[in-house]
Amino acid sequence: MLELHNLHRGYRNECNLKIFRYTIIPSQKILRPLKWNKCLEEDAKIWARQCINKTEELEGKRVGKWELVGQNIGLTTELYDVLNEWADGAYFYDHETNKCNNTELCNKYKRIVQRNTTHVGCAHHQCENFPERKKNIVVCNYAPSSTEDRPYVDGRKGRCKLNN
Numbered sequence: 001m002l003e004l005h006n007l008h009r010g011y012r013n014e015c016n017l018k019i020f021r022y023t024i025i026p027s028q029k030i031l032r033p034l035k036w037n038k039c040l041e042e043d044a045k046i047w048a049r050q051c052i053n054k055t056e057e058l059e060g061k062r063v064g065k066w067e068l069v070g071q072n073i074g075l076t077t078e079l080y081d082v083l084n085e086w087a088d089g090a091y092f093y094d095h096e097t098n099k100c101n102n103t104e105l106c107n108k109y110k111r112i113v114q115r116n117t118t119h120v121g122c123a124h125h126q127c128e129n130f131p132e133r134k135k136n137i138v139v140c141n142y143a144p145s146s147t148e149d150r151p152y153v154d155g156r157k158g159r160c161k162l163n164n
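Numbering-wise, the UniProt record's numbering puts 16 at position 16 of the sequence shown, and it's gapless, one number per residue.
No lab work stands behind these hints: they were computed from the structure. Hints are not guaranteed to be accurate.
What the hints assert, rightly or not - Here are the computed distance ranges between Cβ atoms for each label pair: (1) L2 with E96: 27 to 33 Å; (2) F20 with K161: 22 to 28 Å; (3) K45 with E96: 37 to 43 Å.
To be verified - Subject to a maximum C-alpha distance of 30 Å in a straight line, what follows is the list of computed BS3-like cross-link-like pairs (lysine-lysine): (4) K54 with K134; (5) K29 with K161; (6) K157 with K38; (7) K157 with K18; (8) K18 with K45; (9) K135 with K54; (10) K35 with K45; (11) K38 with K54; (12) K157 with K29; (13) K134 with K161; (14) K38 with K134; (15) K99 with K35; (16) K99 with K18; (17) K45 with K135; (18) K99 with K29; (19) K161 with K99; (20) K54 with K35; (21) K35 with K65; (22) K99 with K54; (23) K134 with K45.
Beta carbons are placed, not taken as given, at the ideal position from N, Cα and C, and that holds for glycine.
Model the full structure from these sequences, guided by the hints.
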């Protein structure tokens, strides 16, 4: 999970990168790889075991040393597919206006690539009460987190313009 998070963050460090149906908007400053955090993972495990497909209200909740923690939750058959789905939220996000066409998926994307986020912890659990094709719940906690601002500064007019 950590590798896939950092792969998607790393895509934002490239100039002129196109993946499938959309062009990746590069970051003005290099996005640093996330680090795995056991406290965030343990909190994600507790939430995943409850088999509730709803994001916990984490604002103001202390997890480890962080007071502001973001959370992504998804249902899937294949564990890594859910993270790619969250990253596809980039398709619904307009970096120029900081607006989203699909707020839920867009915020999941923004948590993955948020420039100020440094740590992640994820867990999964198989839930018998979920539909047959999507029995696995995946929960990832991000710290520190914010989805209100742009996740990073658009590098097309700065760093990447200089590289062209």
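Cross-check of the supplied hints:
no.: 1; hint: L2 with E96: 27 to 33 Å; in the structure: holds (30 Å)
no.: 2; hint: F20 with K161: 22 to 28 Å; in the structure: holds (24 Å)
no.: 3; hint: K45 with E96: 37 to 43 Å; in the structure: holds (38 Å)
no.: 4; hint: K54 with K134; in the structure: holds (15 Å)
no.: 5; hint: K29 with K161; in the structure: holds (13 Å)
no.: 6; hint: K157 with K38; in the structure: violated (38 Å)
no.: 7; hint: K157 with K18; in the structure: holds (17 Å)
no.: 8; hint: K18 with K45; in the structure: violated (34 Å)
no.: 9; hint: K135 with K54; in the structure: holds (15 Å)
no.: 10; hint: K35 with K45; in the structure: holds (17 Å)
no.: 11; hint: K38 with K54; in the structure: holds (22 Å)
no.: 12; hint: K157 with K29; in the structure: holds (12 Å)
no.: 13; hint: K134 with K161; in the structure: violated (43 Å)
no.: 14; hint: K38 with K134; in the structure: holds (26 Å)
no.: 15; hint: K99 with K35; in the structure: holds (28 Å)
no.: 16; hint: K99 with K18; in the structure: holds (21 Å)
no.: 17; hint: K45 with K135; in the structure: holds (15 Å)
no.: 18; hint: K99 with K29; in the structure: holds (21 Å)
no.: 19; hint: K161 with K99; in the structure: holds (24 Å)
no.: 20; hint: K54 with K35; in the structure: holds (25 Å)
no.: 21; hint: K35 with K65; in the structure: holds (14 Å)
no.: 22; hint: K99 with K54; in the structure: holds (22 Å)
no.: 23; hint: K134 with K45; in the structure: holds (18 Å)
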